[in-house]
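Colleague: One line per chain: the protein sequences are A and B, in this order.
Be aware that the first sequence starts at 522, since it is given in this note's numbering, and climbs by one per residue.
Be aware that the second sequence starts at 4, since it is given in this note's numbering, and climbs by one per residue.
Hints listed in this document are in silico derivations from the structure and should not be mistaken for laboratory results.
Misleading hints may appear alongside valid ones.
Stated by the list, open to error - With beta-carbon atoms standing in for the labels, derived distance ranges:
| # | chain 1 | residue 1 | chain 2 | residue 2 | range |
| --- | --- | --- | --- | --- | --- |
| 1 | B | Glu106 | A | Val561 | 11 to 21 angstroms |
| 2 | A | Asp607 | B | Arg305 | 26 to 36 angstroms |
| 3 | B | Ala302 | A | Gly569 | 21 to 31 angstroms |
| 4 | B | Thr202 | A | Gly558 | 35 to 45 angstroms |
| 5 | A | Val561 | B | Tyr176 | 46 to 56 angstroms |
| 6 | A | Gly558 | B | Asn66 | 54 to 64 angstroms |
The C-beta atom is built at its ideal place from N, Cα and C for all residues, glycine as well.
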Amino acid sequence: MEIKKDRLYSQSHEWVLFEDDTTATVGLSDYAQSELGDLVFVNLPQEGDPAVKGETIADVESVKAVSDVFSPVSGTVQAINEELLDTPEKINQAPYDAWLCRIKDVTGKDGLLTAEEYEAFVAGL
Amino acid sequence: MGHYLPHTDAQREAMLDALGLTDTQELFADIPGSVLLDHPVNLAPGLSQMEALAAMKALAAGNKSYRLTLRGAGCYDHFIPSVVTRVAAKEEFVTAYTPYQAEMSQGILQSIFEFQSLMCELTQMDVSNASVYDGASAATEAAVMCRERKRRVALVSATVHPDTIATLRTYCYGTGDEVRVIPAQDGLTDRAALEGMLTEDAACLIVQQPNFYGLLEDVCGLFARAKEAGVKGVLSVNPMTLALLPGGKEVGADIVCGDAQPFGLPMAFGGPSLGFMTTTNALMRKLPGRIVGQTTDPAGRRAFVLTLQAREQHIRREKSSSNICTNQALCALTAGVYLTCLGERGIRAVAENCLSKAHYLAKALCEIKGVALRYPGEFFHEFVTVLPVDARKIQDVLEEKGVLSGLPLEDGTMLWCVTEKALRSDLDQVAAWVKEVCEA
Numbered sequence: 522m523e524i525k526k527d528r529l530y531s532q533s534h535e536w537v538l539f540e541d542d543t544t545a546t547v548g549l550s551d552y553a554q555s556e557l558g559d560l561v562f563v564n565l566p567q568e569g570d571p572a573v574k575g576e577t578i579a580d581v582e583s584v585k586a587v588s589d590v591f592s593p594v595s596g597t598v599q600a601i602n603e604e605l606l607d608t609p610e611k612i613n614q615a616p617y618d619a620w621l622c623r624i625k626d627v628t629g630k631d632g633l634l635t636a637e638e639y640e641a642f643v644a645g646l
Numbered sequence: 004m005g006h007y008l009p010h011t012d013a014q015r016e017a018m019l020d021a022l023g024l025t026d027t028q029e030l031f032a033d034i035p036g037s038v039l040l041d042h043p044v045n046l047a048p049g050l051s052q053m054e055a056l057a058a059m060k061a062l063a064a065g066n067k068s069y070r071l072t073l074r075g076a077g078c079y080d081h082f083i084p085s086v087v088t089r090v091a092a093k094e095e096f097v098t099a100y101t102p103y104q105a106e107m108s109q110g111i112l113q114s115i116f117e118f119q120s121l122m123c124e125l126t127q128m129d130v131s132n133a134s135v136y137d138g139a140s141a142a143t144e145a146a147v148m149c150r151e152r153k154r155r156v157a158l159v160s161a162t163v164h165p166d167t168i169a170t171l172r173t174y175c176y177g178t179g180d181e182v183r184v185i186p187a188q189d190g191l192t193d194r195a196a197l198e199g200m201l202t203e204d205a206a207c208l209i210v211q212q213p214n215f216y217g218l219l220e221d222v223c224g225l226f227a228r229a230k231e232a233g234v235k236g237v238l239s240v241n242p243m244t245l246a247l248l249p250g251g252k253e254v255g256a257d258i259v260c261g262d263a264q265p266f267g268l269p270m271a272f273g274g275p276s277l278g279f280m281t282t283t284n285a286l287m288r289k290l291p292g293r294i295v296g297q298t299t300d301p302a303g304r305r306a307f308v309l310t311l312q313a314r315e316q317h318i319r320r321e322k323s324s325s326n327i328c329t330n331q332a333l334c335a336l337t338a339g340v341y342l343t344c345l346g347e348r349g350i351r352a353v354a355e356n357c358l359s360k361a362h363y364l365a366k367a368l369c370e371i372k373g374v375a376l377r378y379p380g381e382f383f384h385e386f387v388t389v390l391p392v393d394a395r396k397i398q399d400v401l402e403e404k405g406v407l408s409g410l411p412l413e414d415g416t417m418l419w420c421v422t423e424k425a426l427r428s429d430l431d432q433v434a435a436w437v438k439e440v441c442e443a
């Protein structure tokens, strides 16, 4: 299982990659995609939707269940990765490239985990 | 009648013992005394089969049966071939409840799969669900499918069946969404009024074909305009008309729904009915209720499964968008048998018969002084006439003759319906009776 060192993580297994102080892209960690299994559908927010830390921002569907994706930060959805709508399997194939959405005006960075902290967190699960 | 309760006294005692109780009543100890019945339920001891049959026959004798029905308004009197009733009454179908241990019940899943396939073919859409309660709930569930975070308003034409609009209002009351009714002009959806109502918060446009007054709406034009405004098109259709009219995608519908009661189900005092819903691949995951898919088992054999269930309430709990958790399995099976028996040509023949017989009666009635079509539009098998006398008077006179008249509407007009069951001689006779009343 890969944990990229260039980004931060949440305890609900989303990754956050800051482009600048107030803009971040969000995706699912390698651990998350491997636990979910083969994804068949992803339901993304719309541009302009509010993102609230800890609340649902998207959902992903595997063969047997739909799981919520929780926003790791607060802000406003600036862009979504529309490519995933047709090819959700990219989340399984390359979780750290398959970003779900980009959030601007980010607040609430506290409580995010570094790669080392996330690795320890996952090891304890 | 015999005792059909499955547990013996000994079994009940064993269960109570296991629970450490002495009396069944102790199971209800947590219920406050104020809401408990303080005396035994007053139930008669039961009847012998002969007595029960006699009692039921006496009750049935109180029903009024008409030899001819000229009333539709959402529930239609079509001929049901004997083979349809016979096949649907097979015990293994009658007793099969909507499957919970789904894949164990390959037979009932296959019957639902066949129904879905037939509905997809008829409505010319990609995906069908296993059915819902009735046409009103189907249209309302369709509106729920279209709801988005920023689009929470359901636009519904005033020409849609009043029961459908009422059901829609009930649902939207619960979710806090809004229903806006597009006014009618000459019995049709008012195109000009629609223009101002296609706002950015509108989610869907619900149009009924033929509409409540029996008239054919310009659904292509209405849905095309809605689509430009980002509003989804919901076509609530009498499926019998699809034998003659273009299918869902051709008219620009995102969802096709309606009541499939005309397909082999008796009017039966208004139910049970059969709601159907079909949609595009794009909206497939929002389709509520059960969906049966075809696959192969590990040995490569054809098999059926419930599919696309991941958003249903037993998995998504409070996050599911629909509370539909069952379907009208036996009614869907009946409709499937009906469609299979009649085939494409048979369905078209029934629809053409309805169309021409309704126009025959309309013409005959309009030859009576003071009787005329209320609206100028084209119609299928229902039409509204103005009358020179109280509509209820015509209803009463026809009732004496064993004929259920058209439905008296609030404005004093009458909504007539003619199906293939009416003979030309019946219709001539009805026109003569109406003429007598009108010219008396």
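Colleague: Hints first: check each against the structure and report whether it holds.
Modeller: Here is how each hint holds up against the structure:
{"no.": "1", "hint": "B:Glu106 to A:Val561: 11 to 21 angstroms", "verdict": "holds, 19 angstroms"}
{"no.": "2", "hint": "A:Asp607 to B:Arg305: 26 to 36 angstroms", "verdict": "holds, 29 angstroms"}
{"no.": "3", "hint": "B:Ala302 to A:Gly569: 21 to 31 angstroms", "verdict": "violated, 51 angstroms"}
{"no.": "4", "hint": "B:Thr202 to A:Gly558: 35 to 45 angstroms", "verdict": "holds, 41 angstroms"}
{"no.": "5", "hint": "A:Val561 to B:Tyr176: 46 to 56 angstroms", "verdict": "violated, 34 angstroms"}
{"no.": "6", "hint": "A:Gly558 to B:Asn66: 54 to 64 angstroms", "verdict": "holds, 56 angstroms"}
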